[in-house]
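*Asks:* In order, the protein sequences belong to chains A, B, C and D.
Quick note on the working numbering: the first sequence kicks off at 1 and runs consecutively.
Quick note on the working numbering: the second sequence kicks off at 1 and runs consecutively.
Quick note on the working numbering: the third sequence kicks off at 1 and runs consecutively.
Quick note on the working numbering: the fourth sequence kicks off at 1 and runs consecutively.
No lab work stands behind these hints, which were simulated from the structure alone.
Since we're looking at a predicted model, the values are computed, not measured.
Incorrect hints may have been included.
[To be verified] Taking lysine to aspartate or glutamate and the EDC-like style, the derived pairs with C-alpha atoms no more than 20 Å apart in a straight line are:
id, chain 1, residue 1, chain 2, residue 2
1, D, K49, B, E33
2, A, K49, D, E20
3, B, K79, B, E20
4, A, K105, C, D74
5, A, K84, A, D63
6, C, K11, D, E20
7, B, K129, B, E20
8, D, K9, A, E38
9, B, K48, C, D63
10, A, K118, C, E20
11, A, K9, A, E124
12, D, K84, D, E132
[What the hints assert, rightly or not] If you want the ones that stay clear, here's a sample from chain D, every Cβ over 12 Å from chain C, calculated:
id, residue
13, A26
14, N27
15, L40
16, L102
17, E132
Heads up, the beta-carbon is just placed ideally off N, CA and C, and yes, glycines get one too.
4 protein chains.
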Amino acid sequence: MIGRSFEHKIKIYYQDTDCEGVVYYANYLTYLERSRMECLEELGFDLKKLKEKGILFVVASVDIRYLLPAYLADILLLKTYITKVGVASLNFYCEIYNKSLLINKSNVTLVCIDDNFKPQPLTEQLRDKFKECLQ
Amino acid sequence: MIGRSFEHKIKIYYQDTDCEGVVYYANYLTYLERSRMECLEELGFDLKKLKEKGILFVVASVDIRYLLPAYLADILLLKTYITKVGVASLNFYCEIYNKSLLINKSNVTLVCIDDNFKPQPLTEQLRDKFKECLQ
Amino acid sequence: MIGRSFEHKIKIYYQDTDCEGVVYYANYLTYLERSRMECLEELGFDLKKLKEKGILFVVASVDIRYLLPAYLADILLLKTYITKVGVASLNFYCEIYNKSLLINKSNVTLVCIDDNFKPQPLTEQLRDKFKECLQ
Amino acid sequence: MIGRSFEHKIKIYYQDTDCEGVVYYANYLTYLERSRMECLEELGFDLKKLKEKGILFVVASVDIRYLLPAYLADILLLKTYITKVGVASLNFYCEIYNKSLLINKSNVTLVCIDDNFKPQPLTEQLRDKFKECLQ
Chain A
1 MIGRSFEHKI KIYYQDTDCE GVVYYANYLT YLERSRMECL EELGFDLKKL KEKGILFVVA
61 SVDIRYLLPA YLADILLLKT YITKVGVASL NFYCEIYNKS LLINKSNVTL VCIDDNFKPQ
121 PLTEQLRDKF KECLQ
Chain B
1 MIGRSFEHKI KIYYQDTDCE GVVYYANYLT YLERSRMECL EELGFDLKKL KEKGILFVVA
61 SVDIRYLLPA YLADILLLKT YITKVGVASL NFYCEIYNKS LLINKSNVTL VCIDDNFKPQ
121 PLTEQLRDKF KECLQ
Chain C
1 MIGRSFEHKI KIYYQDTDCE GVVYYANYLT YLERSRMECL EELGFDLKKL KEKGILFVVA
61 SVDIRYLLPA YLADILLLKT YITKVGVASL NFYCEIYNKS LLINKSNVTL VCIDDNFKPQ
121 PLTEQLRDKF KECLQ
Chain D
1 MIGRSFEHKI KIYYQDTDCE GVVYYANYLT YLERSRMECL EELGFDLKKL KEKGILFVVA
61 SVDIRYLLPA YLADILLLKT YITKVGVASL NFYCEIYNKS LLINKSNVTL VCIDDNFKPQ
121 PLTEQLRDKF KECLQ
């Protein structure tokens, strides 16, 4: 990957695990979302203010591979990249590491929508900021 | 308990359990809430319509005892009672059974609020319906 | 799709929604998992007994498209199909409907593992049962 | 409160909120549990190692008051205190602050159990460490 990498850590608590003793598969999507929210904040965007202006993001698709399990008290490292900036969409690629092992990778597509859940073009300011991250 | 009992079943899936092999303690509060929503619907109330009229309910307190664990694929039976109808509040008592064993009991206080999260009196219609359940 | 369809209903409660007013994207994966567990039970398999024999299933990949949002109190219909039976893997395709609208579709790959999280071939009994569903 | 205070911060993400726009009430129990796990780690205990020795903790009761709501992107401060050390039990009191406002307070009782979910006395080492926190 080239382009700016955003790095965040996530610690695994009881709530994240299931009775097979590992992190439950749906929870990885919550980690991806936390990481995307942190990315936006690091780029200077305030999700609450965007929302007040009628700018929202929804997930249009997720493609995720589970390579290795994670366990209680593990500390995961997420490396998130913006891989494409479309007219009204945004692609993220994320690798999750447990110690030095790659345990999960995913592609997520977000779509920018208005208050009525209709797609709308990214503002120029958003697009410029995101494009700076591409490389 | 005297008064009308509302009964609902909840099945335990992987998402409900944690790495100790049992249902995670916070998830019982989600079952209580599902059961309260079903109660309101059985009494003829539509939460979406109430919300449109500016009538919302929030939880003010929970007092819950965990007596026995529950496991994957168990089917829990919730018996919910309305125990008190206040000016702007509502008390629920719930017993959760796993087969014939009582595994959990709780008291929950709801407060009726408006769009600005300020308490407001229950409408007469709501109060009457709830009082009918008291016995 | 040809092949046997497994149908299950999921009702949306507060816990399923987020502050954008719709079902949170990660929760769809919990619905898919509930549906898969129901499929296995309908086919006569008991997940607890399989586990005792050292037969577990983990998710290897998910490819999911979010087409339309879902809201509080909606009742979703999941139509699940087994689309491929591999030596140690199993593919599911699921469509989620809200009233008559298709709101979500996904492909999930499961891998059969042993107690040590190593892939192991499906037993003949499992493979036969799953293959019967293919068409 | 006198006694040692353990302080932890929790950031609110989409997954924590519901369609009323605030943090869903059951999620506070997940924050309390994260905080208790951090307490134990700060006191030098390793939950995985305790588990291997057959020492587990389960929640026996929760008494929680919801005073004010919390919102997306808020950063909550949890102040946790050990308030009682019993033969086989442990009491925690926690206050949650949003900026300078107290939004939630709770008492939680944990019971020390063995592999078979039977209560067992706290080891001397655990009891001594916990008692040091009482004041």
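*Asks:* Take the hints in turn and mark each one as holding or not.
*Replies:* Hints versus structure:
1. K49/D x E33/B: Roughly 35 Å between the alpha carbons, so the hint for K49/D and E33/B is violated.
2. K49/A x E20/D: 18 Å, holds
3. K79/B x E20/B: At roughly 26 Å apart (the allowed maximum being 20 Å), E20/B and K79/B break the hint.
4. K105/A x D74/C: Violated. K105/A to D74/C sits at ~32 Å, over the 20 Å cutoff.
5. K84/A x D63/A: 15 Å, holds
6. K11/C x E20/D: Measuring from Cα to Cα gives roughly 17 Å; hence the hint holds.
7. K129/B x E20/B: Not OK: K129/B and E20/B at ~42 Å, beyond 20 Å, violated.
8. K9/D x E38/A: At roughly 15 Å apart (the allowed maximum being 20 Å), E38/A and K9/D satisfy the hint.
9. K48/B x D63/C: At roughly 32 Å apart (the allowed maximum being 20 Å), D63/C and K48/B break the hint.
10. K118/A x E20/C: Holds, at roughly 14 Å.
11. K9/A x E124/A: The hint is violated at about 30 Å.
12. K84/D x E132/D: 11 Å, holds
13. A26: 7 Å, violated
14. N27: Given that some Cβ of chain C is not farther than 12 Å from that of N27/D, nearest at about 9 Å, it is violated.
15. L40: The claim stands: L40/D keeps its Cβ more than 12 Å from every Cβ of chain C (closest is about 27 Å).
16. L102: 22 Å, holds
17. E132: 38 Å, holds
In terms of the numbered hints stated before, the structure departs from hints 1, 3, 4, 7, 9, 11, 13 and 14, listed from lowest to highest.
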